[in-house]
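Using the sequences and the accompanying hints, generate a full structural model.
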Amino acid sequence: MSTDTPIAHRKTTPLPALIVLFLGLGLVSGIAIQNAEASQTMTSSQPVSKTLSAKQQSIPLIAAFMATSDMPKLSAALNQGLDAGLTVSEAREILVQLYAYVGFPRSLNALNELMTVVQARKQRGIQDAPGREPGRAIPTGEALLAAGTANQTRISGGPVKGPVFEFAPVINQFLQTHLFGDIFERDNLDWQSRELATVGALAATPGVESQLRSHMQASMRVGLSADQLKQVTELLAKHADEPTANRASAALTQALAASGG
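What the sequence shown shows, in full-length UniProt numbering, is residues 1 to 261, in sequence order.
Just so you know, these hints were derived from the structure itself, not from any lab. Keep in mind that the hints are not guaranteed to be accurate.
The list that follows gives simulated cross-link-like pairs (lysine to aspartate or glutamate, EDC-like), each with its CA atoms no further than 16 angstroms apart [stated by the list, open to error]:
1) Lys55 - Asp190
2) Lys55 - Glu90
3) Lys73 - Asp227
4) Lys50 - Asp241
5) Lys122 - Asp83
6) Lys73 - Asp190
7) Lys55 - Glu142
8) Lys55 - Asp83
In structure tokens, the structure reads:
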């Protein structure tokens, strides 16, 4: 990656065009990603589970309906998640993170929907757990770039590189400092939940199949099992539309084949 333009502070904001590119994890055909330690679990020392918790099951649905701007189904999925123990902070963080994959307008609309849902639940006497804000300070400057690069490398299974990053080095700087730095350094949502959200959103988005496949692989690197990801495809088949479910199923099949699973 070029270092001609160092990141001097953390206020660098990616342009909307970055958001549309979905380049987060070597997400362009032809990007070479090393697979060393690809199966390493990085966010949890717990045994790999075969099933998603009730809370986890709501996350890809929330993400899918946010990506398609289906507000009635998003409302139902948010209610499902909150009923299952998703905190308001966790739900909010999911919707904030996904702006980097589906754009600011959908993120803002979804956050408005979450506010409406929480307020309606309060009026019915339901007090949802507020959750917490990030518990550690986000680094700035060169420390942010270093942290984001380390996070990107761990999630991707190796350094992310390829022709597109040689053609436009700044795109990787945005990814490393903002997506994998500013966002993934926020510890009020674990990496498994972040990947479940990303998989759900990308499955609902036509034309980003290579990115979806990469995130299926990343999901396994952060500790989600093949059985859990198969459950994601089944949830999407049951609650979302057929193309969304088909894209998720095909991506999982390809990811497992690539990893020898």
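Violations among the numbered hints, reported as their numbers in ascending order | 3, 4, 6 and 7
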